[in-house]
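There are 2 protein chains.
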Amino acid sequence: MSKKPLILVTNDDGINAPGIRALISVMNTIGDVVVVAPDSPQSGMGHAITLNSTLYAEEIKIDNGPQKEFSCSGTPADCVKLGIRELVGRTPDLCVSGINHGSNASINVIYSGTMSAAIEAGIEGIPAIGFSLLNYNWEANFEACKAYVKTITKNVIENGLPNGVILNVNIPNIPKKEIKGIKVCRQAKANWVEKFDKRKTPQGRDYYWLAGKFVNLDGGEDTDEWALENGYVSLVPVQFDLTAHHFLKDLNGWKFNH
Amino acid sequence: MSKKPLILVTNDDGINAPGIRALISVMNTIGDVVVVAPDSPQSGMGHAITLNSTLYAEEIKIDNGPQKEFSCSGTPADCVKLGIRELVGRTPDLCVSGINHGSNASINVIYSGTMSAAIEAGIEGIPAIGFSLLNYNWEANFEACKAYVKTITKNVIENGLPNGVILNVNIPNIPKKEIKGIKVCRQAKANWVEKFDKRKTPQGRDYYWLAGKFVNLDGGEDTDEWALENGYVSLVPVQFDLTAHHFLKDLNGWKFNH
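Chains P and L are the protein sequences, given in the same order.
Residue numbering for the first sequence follows numbering that gives the first Met the number 0, beginning at 0 and increasing consecutively.
Residue numbering for the second sequence follows numbering that gives the first Met the number 0, beginning at 0 and increasing consecutively.
Isolated chain P (complex conformation):
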């Protein structure tokens, strides 16, 4: 590319999260950056969009970087929509989301605001990548991520992505020198075995906290969970055609009477 690419940056942990600040610093070395990110944490928002209330977006300045930034009252998917249509000025060449504080590997891709923002950009025809570090702490150290974020982003800019393909990148929470490299993977078959912590309000009303245990049901060595457990950065290409193509033929054999 002769011109610097225009990069839209977003996340789901909120515009002040250390993860997005690290992502912005890397993107500033690659292109012209516009940030449109939620004004407060939106973890677990999945692909939620705001249909029944209004959206605000304010231009703000958080650090001394060259990027332009907007803080938005909506969900991660709202940020991408509003960014592309109203705030950025022209269609971005790339959208990056994250760096998420916590894993978005395997089934977590479904619940992830970070990945939904990237997928929303993909639906709009924009090459997109979601980045996550396997550390839920606000004080997580994102330094080891930066080289991987940069090389994967540069590859996407050079090679492009097929229409409808988004990258889901997860980075293990280990020292940089222990990371073995990048591994292309499929999404592991895993799920959360939920428990609810039932409590009583001071007034005696029952309420619940969602709690759960992550269980990897997949023995394959070609999965993102395997890669992460074995010290690799996992790279899963993601798409948004949810059709279970393998079941179309069987379903056509069903008999419907009504």
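Read the hints as simulated data drawn from the structure, not as lab findings.
Some clues are possibly wrong.
Note: identical chains are not told apart, hence a pair may lie in one copy or across any two.
[As the list claims (entries may be wrong)] With a Cα cut of at most 30 Å, we get these calculated BS3-like pairs of lysine-lysine:
no.	residue 1	residue 2
1	K199	K175
2	K145	K179
3	K248	K188
4	K153	K248
5	K182	K199
6	K194	K145
7	K199	K188
8	K175	K197
9	K3	K175
10	K2	K194
11	K60	K2
12	K60	K248
13	K254	K145
14	K153	K254
15	K153	K67
16	K194	K3
17	K149	K248
18	K3	K182
19	K199	K60
If you're wondering where the values come from, they're calculated on a predicted model, not measured in any experiment.
Got chain P sorted already, so can you dock chain L onto it with the hints?
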């Protein structure tokens, strides 16, 4: 089945919506019904889950049917999790979600709380179906839907569904006698071309309403959008492995330097 199946019913329009009341009335003719549904409308919630606040669920009675009902403060996906783990007592044989007021065909499956609830049940290993009528009005007439809801549900109970497959059923908004039947389809390639309606608050602050136009980019006659436009009930098998398997090989050819 010798025993009556235990059916978990949920939706995203809220427990008082006419669509779920129609769905409950059909399910009462098929099995033992437990309803766990949001206490207020949750359209566009996607696969959001409640991580950072508490959940309430209250047993309530809305009509004279035999079903047990819980009104829940969470999202559709929360309702399914809480229902399965805390409220229903044993693992349901089936989960049905809807009948949604409005289409969940093509790309809408991604944004849909109705379908996310069904997918959540599918992740938990429970056969699940989402139903939607192509009419956004609260006063929509669900009578024409009922025979289709019943025959598809009975087929799922008789035939089962493979692990990880969920059905997405959309019903055209036309008189029952004009419906040509049920068509097994794939998800159409379509998207929303967003516009934002920019306004000013009485205090002069800019705000936005999301508005958009649905555009079907897919000329195929095997899609849900084609079926619905041509008077059929569309039946799409859905799965939650988002891996773009077709791109794994190409991605393995990328060169990463860091």
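Here is how each hint holds up against the structure:
1. In the homo-oligomer, the alpha carbons of K199 and K175 never lie at most 30 Å apart, since the shortest distance is 44 Å inside one protomer and 49 Å across protomers.
2. Within a single copy, K145 and K179 get their C-alpha atoms as close as 15 Å, which meets the 30 Å cut-off; across copies the closest is 56 Å, which misses it.
3. Within a single copy, K248 and K188 get their C-alpha atoms as close as 23 Å, and across copies as close as 20 Å, so both meet the 30 Å cut-off.
4. In this assembly of identical chains, K153 and K248 lie within 30 Å of each other by CA distance solely across copies; the values are 19 Å between and 41 Å within a copy.
5. Taking CA atoms no more than 30 Å apart as the test, K182 paired with K199 passes in neither setting, with 46 Å inside one copy and 49 Å between copies.
6. For the homomeric pair K194 and K145, neither the shortest alpha-carbon distance inside one copy (35 Å) nor that between copies (35 Å) is at most 30 Å.
7. With identical chains, the CA atoms of K199 and K188 are never at most 30 Å apart, being 35 Å at best within one copy and 47 Å at best between copies.
8. Taking CA atoms no more than 30 Å apart as the test, K175 paired with K197 passes in neither setting, with 40 Å inside one copy and 46 Å between copies.
9. For a Cα distance limit of 30 Å, the shortest separation of K3 from K175 inside one copy, 29 Å, qualifies, whereas the shortest one across copies, 56 Å, does not.
10. In this assembly of identical chains, the alpha carbons of K2 and K194 lie at most 30 Å apart only when taken from different copies (28 Å versus 51 Å within one copy).
11. In this assembly of identical chains, the alpha carbons of K60 and K2 lie at most 30 Å apart only when taken from the same copy (25 Å versus 63 Å across copies).
12. Taking the shortest alpha-carbon separations for K60 and K248, neither the intra-copy value of 55 Å nor the inter-copy value of 42 Å comes in at or below 30 Å.
13. Within a single copy, K254 and K145 get their C-alpha atoms only as close as 55 Å, which misses the 30 Å cut-off; across copies the closest is 17 Å, which meets it.
14. Taking the shortest alpha-carbon separations for K153 and K254, only the inter-copy value of 10 Å comes in at or below 30 Å, while the best intra-copy value is 51 Å.
15. In this assembly of identical chains, K153 and K67 lie within 30 Å of each other by CA distance solely inside one copy; the values are 21 Å within and 55 Å between copies.
16. Taking the shortest alpha-carbon separations for K194 and K3, only the inter-copy value of 27 Å comes in at or below 30 Å, while the best intra-copy value is 48 Å.
17. Taking identical chains as interchangeable, the C-alpha atoms of K149 and K248 lie at most 30 Å apart only when they sit on different chains, with a minimum of 22 Å there against 43 Å within one chain.
18. In the homo-oligomer, the alpha carbons of K3 and K182 lie at most 30 Å apart inside one protomer (28 Å), although the nearest pairing across protomers, at 48 Å, exceeds that limit.
19. Taking CA atoms no more than 30 Å apart as the test, K199 paired with K60 passes between copies only; the shortest distance there is 23 Å, against 42 Å inside one copy.
Going through the hint list in order, the structure does not satisfy hints 1, 5, 6, 7, 8 and 12.
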